[in-house]
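Protein chains in written order, with my numbering: chain S, 1 to 365; chain P, 1 to 365; chain U, 1 to 365; chain V, 1 to 365.
Worth flagging that the hints you see were computed from the coordinates, not collected in a lab. Treat the hints with care, since some could be wrong.
The list treats identical chains as interchangeable, and a pair is accepted whether it falls inside one copy or across any two copies.
Straight-line C-alpha distance at most 35 Å; calculated DSBU-like pairs for lysine-lysine [stated by the list, open to error]:
#1 K364 / K272
#2 K47 / K364
#3 K328 / K218
#4 K218 / K272
#5 K54 / K328
#6 K328 / K274
#7 K280 / K328
#8 K218 / K204
#9 K75 / K60
#10 K75 / K328
#11 K280 / K218
#12 K364 / K280
#13 K364 / K328
#14 K60 / K272
#15 K54 / K218
#16 K75 / K364
#17 K75 / K272
#18 K272 / K328
#19 K274 / K75
#20 K204 / K161
#21 K218 / K274
#22 K47 / K274
Number of protein chains: 4
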Amino acid sequence: MAGNSFGQLFRITTFGESHGTAIGVILDGCPAGLTIDLDFIQSELDKRKPGQSKITTQRKESDTVQILSGIFEGKSTGTPIAMLIPNEDQRSKDYGHNVDVYRPSHADYVYDAKYGIRDHRGGGRSSARETAARVAAGAIAKLFLKHQGIDIFAHVTAVGKINAPNLESNDISELLELREANIVRCADPATANEMIEFIDSVRKDGDTVGGKISCVVKGCPAGLGEPVFDKLHADLGKAMLSINAVHGFEYGSGFDGTELRGSEHNDIPLPKAKEEQQFKTISNHAGGILGGISNGMDITFKVGFKPVATIMHNQQTINAAGEAAEIKGKGRHDPCVVPRAVVIVEAMAALVLADHVLRNRAVKL
Amino acid sequence: MAGNSFGQLFRITTFGESHGTAIGVILDGCPAGLTIDLDFIQSELDKRKPGQSKITTQRKESDTVQILSGIFEGKSTGTPIAMLIPNEDQRSKDYGHNVDVYRPSHADYVYDAKYGIRDHRGGGRSSARETAARVAAGAIAKLFLKHQGIDIFAHVTAVGKINAPNLESNDISELLELREANIVRCADPATANEMIEFIDSVRKDGDTVGGKISCVVKGCPAGLGEPVFDKLHADLGKAMLSINAVHGFEYGSGFDGTELRGSEHNDIPLPKAKEEQQFKTISNHAGGILGGISNGMDITFKVGFKPVATIMHNQQTINAAGEAAEIKGKGRHDPCVVPRAVVIVEAMAALVLADHVLRNRAVKL
Amino acid sequence: MAGNSFGQLFRITTFGESHGTAIGVILDGCPAGLTIDLDFIQSELDKRKPGQSKITTQRKESDTVQILSGIFEGKSTGTPIAMLIPNEDQRSKDYGHNVDVYRPSHADYVYDAKYGIRDHRGGGRSSARETAARVAAGAIAKLFLKHQGIDIFAHVTAVGKINAPNLESNDISELLELREANIVRCADPATANEMIEFIDSVRKDGDTVGGKISCVVKGCPAGLGEPVFDKLHADLGKAMLSINAVHGFEYGSGFDGTELRGSEHNDIPLPKAKEEQQFKTISNHAGGILGGISNGMDITFKVGFKPVATIMHNQQTINAAGEAAEIKGKGRHDPCVVPRAVVIVEAMAALVLADHVLRNRAVKL
Amino acid sequence: MAGNSFGQLFRITTFGESHGTAIGVILDGCPAGLTIDLDFIQSELDKRKPGQSKITTQRKESDTVQILSGIFEGKSTGTPIAMLIPNEDQRSKDYGHNVDVYRPSHADYVYDAKYGIRDHRGGGRSSARETAARVAAGAIAKLFLKHQGIDIFAHVTAVGKINAPNLESNDISELLELREANIVRCADPATANEMIEFIDSVRKDGDTVGGKISCVVKGCPAGLGEPVFDKLHADLGKAMLSINAVHGFEYGSGFDGTELRGSEHNDIPLPKAKEEQQFKTISNHAGGILGGISNGMDITFKVGFKPVATIMHNQQTINAAGEAAEIKGKGRHDPCVVPRAVVIVEAMAALVLADHVLRNRAVKL
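Start from the sequences and build out the full structure, keeping to the hints where you can.
Listed below in structure tokens is the structure:
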């Protein structure tokens with residue numbers, strides 16, 4: 001199956017290149033009867049759009065979404081929802097210098113190797129601009145999940161070697177407010193300031209830096225995830241790894257947990273009070289997922305992003321003929337991708353969860 | 001789609017419970033004309049089977065594979081290859097005590113929550129015994145990849161806090177020999193001894209411990225991987241995360257790479273000598289994959305396994321009614337899963353790569 | 001995706017060749033908690049098995065099904081149900097003469113052309129023996145549908161130019177009894193006798209003849225079918241056309257309906273009495289399906305089978321080198337396929353409906 | 001999987017309602033490097049568009065296609081091709097009378113039953129307007145097939161009881177010219193005149209009539225089709241049955257072939273001259289497909305369309321409350337759908353064949 005679709009029952013297909021006419025998405029499988037809040041979709045896109053602050057790319061795109069189908073009188077009808085985001089600021093000529101030269105650590109070479117042809121304007125299809133389409137669809141997934149009592153929250157927990165402490169609050173509204181109060185989208189204000197300062201200095205160096213985003217899902221019922229291959233964390237992992245620049249995924253105790261003993265790592269269940277439904281454990285090394293199925297505890301995972309490849313330094317590289325060439329970054333790029341990626345992580349998580357909510361409906365009499 | 005299939009064109013579907021009649025797999029999409037070496041398949045299964053050494057479970061299973069279809073006169077015919085592995089040592093009564101009690105950090109509770117019914121004998125479908133079916137199919141994937149010039153090598157690089165140094169050799173035959181010379185399957189003999197000693201002491205404590213497996217794919221041509229969702233590393237990540245006990249996946253520079261600057265992380269391409277096909281870079285932080293597509297360099301990734309949940313200690317837990325209960329591990333379990341998981345990691349990697357070799361055939365005129 | 005799977009959520013994958021070790025099926029997605037009546041599954045297989053009567057092939061196969069997984073204490077667990085049917089009467093030597101010669105109107109040539117290799121024993125994978133696996137899985141689908149109040153009935157309505165009149169009864173138990181009272185499986189006793197006599201005379205001529213099977217689905221709720229491609233009748237059509245020897249499918253008014261005017265063809269809805277749920281129309285040219293979605297009326301369709309290609313006459317043909325050759329039918333074959341195909345039609349219909357029952361659960365809030 | 005996608009490797013997803021903003025399609029999997037002739041795409045759409053002649057609906061839509069992505073410098077790049085067709089003549093108010101009344105033999109009732117909500121303007125998603133998106137994608141499939149030496153030709157062979165004789169010509173250019181020389185799209189001029197006259201009289205009666213379309217595929221290599229479920233004719237059948245108003249599909253000898261004996265029906269292969277590749281048979285009852293795989297002969301099939309449900313007569317029906325109601329057709333509708341459906345049949349056939357060309361690449365070493 002061609003690779004531009006994601007999900008089984010709540011399924012998206014995205015299209016579009018960085019400097020083409022438009023990018024967009026078809027969402028097939030959104031249940032009928034959902035109230036579609038267009039302002040919410042736009043506000044999600046606004047969190048991803050370029051030009052938000054001094055630590056993001058200065059490309060100017062309003063990223064205004066148009067809904068073409070699937071909504072009638074404000075509600076989803078069960079038919080495909082198509083959304084379009086026109087490209088506005090297509091300074092393709094910035095990329096004329098890339099026609100024949102392969103930018104280091106970009107996808108230029110591999111697209112040529114794979115397809116024998118490449119839209120070289122701004123990375124073409126390999127541009128992270130494609131993720132705007134995911135955010136639009138993810139916003140609808142969030143609306144569906146909200147209706148099911150499920151909430152998702154992500155924020156930046158590392159930039160370079162600067163790490164945020166564990167969150168003290170457990171309240172998503174409060175966390176969202178803390179996060180949106182700063183331009184790096186870390187819910188810890190002190191760390192946020194440190195991160196911003198650091199990114200700004202990196203930017204001034206013409207350089208870039210990586211980072212990490214942590215995500216928690218609250219209110220997820222027990223039972224989501226389809227063993228043995230479509231385990232909930234396996235689908236979350238694939239979703240995250242499909243985001244541009246992501247190099248690592250871990251859930252629950254993650255890589256740190258590999259150093260523990262079973263007697264330390266096991267999460268001990270608590271007896272339920274009468275009529276309580278909720279399964280609870282003392283610790284949550286499982287990250288809310290056992291055997292690939294949600295257990296009702298918070299789902300937690302972390303995503304690692306490498307530094308953006310486009311830097312404003314001279315770099316050695318090769319051209320399409322394999323000869324030595326030199327390149328200097330032009331165009332408008334992010335010094336650090338994580339502030340804008342927070343909403344992408346949330347969107348992909350929402351898409352995975354919405355899909356598994358629907359898939360879970362089919363499993364018992 | 002139900003969750004027991006993996007892959008698109010080179011596609012497996014597995015079945016079977018830990019203590020049922022048999023486990024097995026159908027491989028649909030293996031190209032016709034491949035010579036099927038049954039001894040090789042069995043030798044792969046032998047690397048995963050229980051009872052191999054003092055640091056694995058003492059359950060006795062010969063894991064003898066039977067091929068039921070899809071092979072004619074020693075070659076694949078392009079029709080589905082069904083393989084069966086009978087369960088021999090089904091001491092189901094060892095699990096009688098689990099009928100009503102949820103073992104901590106096992107999937108018992110979530111299977112009940114999801115399906116309303118559960119085969120409680122030895123974990124049923126959630127048992128890692130299912131991975132034998134993956135190894136059998138993965139062996140055929142390896143034979144196909146070998147025919148395409150692609151080799152896969154994994155070994156144990158961490159047990160608890162004991163980490164192996166970087167490999168000095170680049171030769172897969174040599175590495176395989178080093179790895180198979182010890183029971184923990186680490187290609188560094190000194191570290192291997194340390195690991196074995198540690199696992200044995202953990203086992204004597206009635207406890208378990210986690211670890212890490214690193215994998216390299218050599219000889220992979222440029223061009224494998226299907227953007228934007230079925231990126232090669234995204235499919236590898238999902239494959240690995242679908243293995244029992246895996247909590248983390250990273251490729252190339254991984255989580256460490258998130259701390260670097262772009263100027264440090266970028267892999268600088270080397271000019272090609274005349275008639276050279278191979279794309280080469282000075283460093284390989286990309287782990288052989290750019291924009292989700294292989295670039296021809298070694299593909300490298302790492303997988304983290306949590307400690308096995310079954311320990312020989314008394315643990316507090318709850319029963320199906322939600323009441324407090326106590327459990328003590330019985331049955332026969334591994335103190336550390338990574339020695340037997342090496343071949344599972346290789347098998348899943350082989351399945352992903354075989355699938356992408358086939359998918360890549362469809363992309364250009 | 002490789003072609004040996006059918007269905008999305010209630011999904012089967014079959015394997016096996018006519019003269020291999022065994023054929024079988026994995027059913028993935030059967031809801032948990034269904035009581036699995038093994039005797040019923042076997043009784044369905046008995047209706048398809050060879051050697052039932054003088055008008056079927058004399059190959060001797062007991063077609064005894066073994067269940068390998070997915071059932072615990074008599075109920076489905078939500079995990080894959082694997083079923084195995086060993087091949088017993090493998091007179092492969094009957095087929096030695098076929099190694100190099102392409103039998104007219106068989107798949108011999110195309111398998112060689114497609115795969116470059118072919119299991120020539122009895123048609124290998126192209127043999128209708130594969131359909132036994134479908135019948136086994138279809139039996140479980142029927143059990144699930146029965147639980148949902150949905151019943152399926154098919155019978156032979158034409159052999160050659162002999163056509164059965166429209167059914168007078170509307171009662172499935174009665175119809176089943178009428179059908180099973182004769183060896184051709186036509187619910188009209190007089191026509192059945194005529195058909196049997198005709199098939200027997202054709203058999204004595206060493207020849208074969210085609211026929212038609214009609215099917216009705218009762219108790220299907222409104223709402224099954226997923227526009228715009230997975231319309232209920234489109235999936236039924238694909239299911240039927242995937243059965244060996246089928247050359248045509250029509251539903252409701254079918255090809256005859258193309259000759260009508262809209263004013264004749266339209267089905268006029270009847271006002272509902274208070275508290276009645278059921279949508280009813282005066283006529284049912286729609287065959288119970290509008291816009292690809294069931295409307296609650298009886299679903300009706302018809303399937304056309306060509307005559308079996310193996311005849312006991314000398315026939316001109318070619319060998320693998322393209323040279324003229326002569327062939328005379330050997331082996332044991334059916335003079336007319338429809339009596340044994342009735343239960344295959346029902347099985348495939350059941351698989352489609354079970355799949356759509358599950359898919360329909362995902363469409364609204 | 002949600003039902004608005006078709007194909008595996010050459011895969012389309014359509015969206016849009018009759019009276020929404022736009023309809024469109026994403027084609028994912030078109031091989032890179034294909035020259036995209038926009039004029040050809042538009043000319044195909046022109047053959048389907050409304051208002052072409054006195055025997056089609058008078059709705060005015062230019063059906064001008066816009067390509068949003070996937071094409072660079074005139075060639076496909078291997079990335080998704082998104083195409084948009086704005087809706088221009090949205091006289092939604094014509095449909096105000098349908099809000100609460102279920103039109104007989106339309107999908108109004110079942111959409112309400114399935115989704116609990118319905119875009120009642122002009123049939124919404126159930127409108128045949130959706131097929132314009134298929135025609136746009138099918139045009140690209142045709143360009144790809146042309147590149148592979150495969151041609152498709154369909155024409156009207158029956159309107160009501162008027163049947164066209166068998167074609168005398170075997171030349172597709174000539175046939176196309178004959179077909180496009182008349183407004184009913186029958187390649188036999190005398191029959192075409194009769195059909196046109198008949199449709200016009202039916203139209204004057206305010207009534208509608210059904211018909212049949214026959215299709216031939218020339219130049220198809222042996223080997224396309226994936227047993228045992230994705231047989232070439234099974235996928236063609238599903239494709240055709242997914243088109244609005246289709247009630248029947250048959251290939252090769254079809255339903256008529258069920259009346260023959262094997263000795264009459266078998267297609268006898270002809271010895272090949274030296275160096276000839278092509279497999280040939282004296283007759284072609286197989287319709288170019290054996291065992292679900294193309295054999296290199298012409299592929300032939302026939303599709304039956306019921307009469308359009310909207311008639312200009314008063315009809316009894318019910319409203320959403322189940323009460324008796326009366327309806328009289330308004331809006332602008334076709335008296336007979338087949339003249340405009342010829343290019344839809346060709347488009348769907350092209351999509352199936354393109355998909356199977358790509359799938360066939362994966363089957364052997």
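Against the structure, the hints:
In this assembly of identical chains, K364 and K272 lie within 35 Å of each other by CA distance both inside one copy and across copies; the values are 24 Å within and 33 Å between. Taking CA atoms no more than 35 Å apart as the test, K47 paired with K364 passes between copies only; the shortest distance there is 29 Å, against 39 Å inside one copy. For the homomeric pair K328 and K218, the shortest alpha-carbon distance between copies (32 Å) is at most 35 Å, but the shortest distance inside one copy (45 Å) is not. With identical chains, the CA atoms of K218 and K272 are at most 35 Å apart within one copy only, with a shortest distance of 19 Å there and 45 Å across copies.
Taking the shortest alpha-carbon separations for K54 and K328, only the intra-copy value of 21 Å comes in at or below 35 Å, while the best inter-copy value is 58 Å. Taking the shortest Cα distances, K328 and K274 sit within 35 Å of each other only across copies (26 Å), while inside one copy they are farther apart (67 Å). Within a single copy, K280 and K328 get their C-alpha atoms only as close as 54 Å, which misses the 35 Å cut-off; across copies the closest is 20 Å, which meets it. In this assembly of identical chains, the alpha carbons of K218 and K204 never lie at most 35 Å apart, being 39 Å within a copy and 39 Å across copies at closest.
In this assembly of identical chains, the alpha carbons of K75 and K60 lie at most 35 Å apart whether taken from the same copy (31 Å) or from different copies (28 Å). In the homo-oligomer, the alpha carbons of K75 and K328 lie at most 35 Å apart only across protomers (29 Å), although the nearest pairing inside one protomer, at 49 Å, exceeds that limit. When the C-alpha separation of K280 and K218 is checked against a cutoff of 35 Å, the pair qualifies only within one copy, where the shortest distance is 13 Å, while the shortest distance between copies is 45 Å. Proximity of K364 and K280 under a CA criterion of 35 Å is satisfied in both settings, with 24 Å inside one chain copy and 30 Å between copies.
In the homo-oligomer, the alpha carbons of K364 and K328 lie at most 35 Å apart only across protomers (31 Å), although the nearest pairing inside one protomer, at 58 Å, exceeds that limit. Neither within a single protomer nor between protomers do K60 and K272 lie at most 35 Å apart by alpha-carbon distance, with minima of 54 Å and 38 Å respectively. Proximity of K54 to K218 under the C-alpha cut-off of 35 Å is restricted to the intra-copy arrangement: shortest distance 32 Å within a copy versus 42 Å between copies. Proximity of K75 to K364 under the C-alpha cut-off of 35 Å is found in both arrangements, the shortest distances being 29 Å within a copy and 11 Å between copies.
Proximity of K75 and K272 under a CA criterion of 35 Å is satisfied inter-copy only: 28 Å between copies versus 39 Å inside one chain copy. In this assembly of identical chains, the alpha carbons of K272 and K328 lie at most 35 Å apart only when taken from different copies (21 Å versus 62 Å within one copy). In this assembly of identical chains, K274 and K75 lie within 35 Å of each other by CA distance solely across copies; the values are 29 Å between and 39 Å within a copy. Within a single copy, K204 and K161 get their C-alpha atoms as close as 18 Å, which meets the 35 Å cut-off; across copies the closest is 39 Å, which misses it.
In this homomeric assembly, K218 and K274 come within 35 Å of each other (Cα to Cα) only inside a single copy, at 22 Å, whereas the closest approach across copies is 44 Å. For the identical chains of this complex, K47 and K274 are neighbours neither inside a copy (43 Å) nor across copies (48 Å), given an alpha-carbon limit of 35 Å.
Hint violations for this structure: numbers 8, 14 and 22, all remaining hints satisfied.
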